[in-house]
Amino acid sequence: MSQFHRDSLIHDPIHGYIPFTSPNHRDRIAERDIIDHPWVQRLRQIHQLQTAWWVFPSAEHTRFQHVLGAMHLGSRVAARLYESLAEVCGGDGGMPSRGYVETLLRMAGLLHDVGHGPFGHFFDAHFLSHFNETHETLGASIIEQELGPMLRELRGNPHSRLNDDEQLDPKQVAWLIQRPRDSPDSGEATQPRWLKMLRSLLSGIYTIDNMDFVLRDAYMSGYSQRSFDLDRLLHYTEFTPHGLTIHDRGMEALLRFMATRAELFRTIYFHRTVRAIDLTLKDLFADSRDYLFPGSPREHLDEYQHFTEFSLLVDVVRWAKSEDAGRRELGHRWQQLIERKLPWIMVCQRNLVFQEGDAERASIFSQAEWVEQSLRRELSGELPNEPLRVDIARHIYRPNTRGPAEHQNYLYDSAQQRTRPLVDHQLFRELPVSHRICRVYAQRTEISPQIARALDGLLGTRGLDDVTNM
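Position 21 (the sequence shown) corresponds to 21 in the working numbering; numbering is contiguous.
Nothing false has been slipped in among the hints.
Straight-line distance between alpha carbons at most 27 Å, and here's what the computed DSS-like set of lysine-lysine pairs gives:
hint, residue 1, residue 2
1, K196, K171
2, K341, K282
3, K321, K341
4, K282, K321
Hints listed in this document are in silico derivations from the structure and should not be mistaken for laboratory results.
With the sequences and hints as input, model every part of the structure.
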C-alpha cells in the first residue's frame, strides 16, 4: 500500500486520471514539487487560447492544464516507444534507462511552455521579439537556472525510476523543448542520437504538445469531444533507425489529426473576431510596451515570474485613473478591449491554398502590408481615406522546409517493407503546404462590396470565398 503515499492523481477531462509523484521519505524531490513551483503555477494565469477565449466562452482553460496533459503524454509515448528507441540506439552506448527517458519526457512536457508571457504566442511576436527571444529560449533559461537544482534531484515518475547512477540533466530538458535551429550554440552536433530522436516528439508533426492541445482545445471550445484517434496514432508509431516512424496502417489516424489541427486553426485560432482582437491588441502593445514590463524578461526573471495575463489586465485597467495623460488614454483603450468594443469589423475574406511548388513567398498575399497598399491604390477613387486593416493568417498544413527541423517523421511501407520519408506518401503529398486567410477589416460594413471587388481584382482566380463566415 506504500505506493499510494508516493503517487497522487489529477482528474482531467481529456486524459482521465493523470498520476504524478508526491513527496515521500524515499525521495527529497517529487514531481509535485515541480508542479507546485511558482514558475509552473503561473501558467494558471495564462490562457491556452491566447485571445480566442474572448470569442469562445467555454475555452477558459489555461497553459497549466495543457502542460499537465503534455506531461501525461510523455509517459504514454515512453511506454509505447522506449523499447524501439533502445533497440535502435542501444548499440551506440550511453542509452539511458526507461526511467530516465520517461522522466525526461514528462518534465519536457510539463515545462515546455514555462517561458510564455501574457497572450502566449502573441507575446512572442509583439514583445519578446524585440529582445531576440521566444518563449522557448526564455523557457530554456528558466529550466536551467530556476528549476535546474530541483530537476537534478528528481528520481522518477509514477511508472519508472532512474538508475542509481543516473541524474536528470536540466540542459537536456531545455534542449528538447526548443525547435531545431542552425546556430553555433544550438548543440545539435554534440547531442546523443537517442536525444535527437526524442526531439521529434516535441517538434515533429505529431508531438506530446500538439496532440494534447488539439484534443483539449477542440473539447473546451465545443468543437469536438473526440477530435482524432490518439490511441491508434500511438499504436502504429515506433522508432526505426531513420527516426520516429508511423506504420502505413496508422496513416489515416495521422491524416485525421492533421486535418483536425488545420480546422482548429481555421475555425478557432483564426476566427474573424479573434483576429480583430489581435489587431486591436497589436496596436495596444505597440503603444504600451514601455509601461508593461521594465525590459528584457531574461534580465528581470523575478518580475517576469509574476507577469501574467491576470496581472496585466488588472494593471492596464488602473491606468484609466492615472495622472499621466498618455497612460490614462491607454487605460481607456484597454478598457474598451476588455469590454469587447473593437474598432475593427471584418468586411471581406478570401482564402488561398498553396500546394508544393507554388511560389508562396512571391505572392502579393505573403505580406499584409503589400495587400493593404495595393488595395488603397485600387480604392483611391472610391474610398480614398477609408480606415482599413489587412490581416493575413497563415497555417502550415505540413512541413515543406529544408534545415534542422526537417527529416523528423518517417513512414513504414508494409507492401515494400521499407521505411521512407513521410513526405513521400501519396496522400500526405496531396495535402496543401499552407493555407492563408486574407481578411480586410474596416470600421463600417457598408463598404463591403467595394472592398470585395478590389480584393478580387488583386486575387484573380486564386481565391475562393468561404461558404460561411467560419
